[in-house]
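Residue numbers for the sequence shown follow the numbering used here, so the first one is 518 and each next one is one higher.
Hints listed in this document are in silico derivations from the structure and should not be mistaken for laboratory results. Some clues are possibly wrong.
[What the hints assert, rightly or not] FRET-style restraints, in silico, Cβ to Cβ: (1) H644 x P589: 35 to 41 Å; (2) A631 x G575: 25 to 31 Å; (3) N617 x W572: 16 to 22 Å; (4) W572 x D614: 27 to 33 Å; (5) T528 x Q553: 31 to 37 Å.
Backbone N, C-alpha and C fix where the C-beta goes; we use that ideal spot for every residue, glycine too.
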Amino acid sequence: MIYRFRVILDTQEDIFRDIEIEQTATCEDFHNAITQSFGFDGTEMASFYISDDEWRQGEEIALFDMSESENPLRAMSETLLQDVLSEDQTRMIYVYDFFNLWTFFVELAEITEANDGQSYPNLMFAHGQIPAQAPEADFSGDEDDFNDDPFADDEDDYDIEDYEGLDFDENWN
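Can you make the complete structure from the sequences, with help from the hints?
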């Protein structure tokens, strides 16, 4: 079976690629197809993140596991696409180059039969040119959730400069 994906760069302009790849391909194979289709050299670190319908970032599938935790991350080279994606689980976030944070929304659009004579992965369609620099990440959230003074609702009346009124010994060390 063949997975057909739309890979969308997180930017104001419409920049995306439609890619076909075998469901038995590894996430590393898919990473290589994405980097090539967008014109990257593929030498930077990258990760996929399994995502829900609201594009919330979930489990990481890393190009290389560089963590020192007891629970190793899933590696792209050892993870098949069919093991993380299905008709019910169709979304991933892909981040390329952790210094520039090129961020892509990846959605499984269709599962279909392979075409005889077609080699995979296959770039089906390309729209838009990648900008010279990664779009700036917007971490602002919903502006209605914030007011101008983040401490306006504080009920205490502590004066941070008033050491006499604080209940601790400032020379404790």
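To see whether the hints hold, each was checked on the structure:
1. H644 x P589: 35 to 41 Å: 37 Å, holds
2. A631 x G575: 25 to 31 Å: Roughly 29 Å apart at Cβ, these two residues keep to the hinted range, so it holds.
3. N617 x W572: 16 to 22 Å: 20 Å, holds
4. W572 x D614: 27 to 33 Å: For W572 and D614 the Cβ distance comes to about 20 Å; the hint is violated.
5. T528 x Q553: 31 to 37 Å: For T528 and Q553 the Cβ distance comes to about 19 Å; the hint is violated.
Checked against the numbered hints above, the structure violates hints 4 and 5; every other hint is satisfied.
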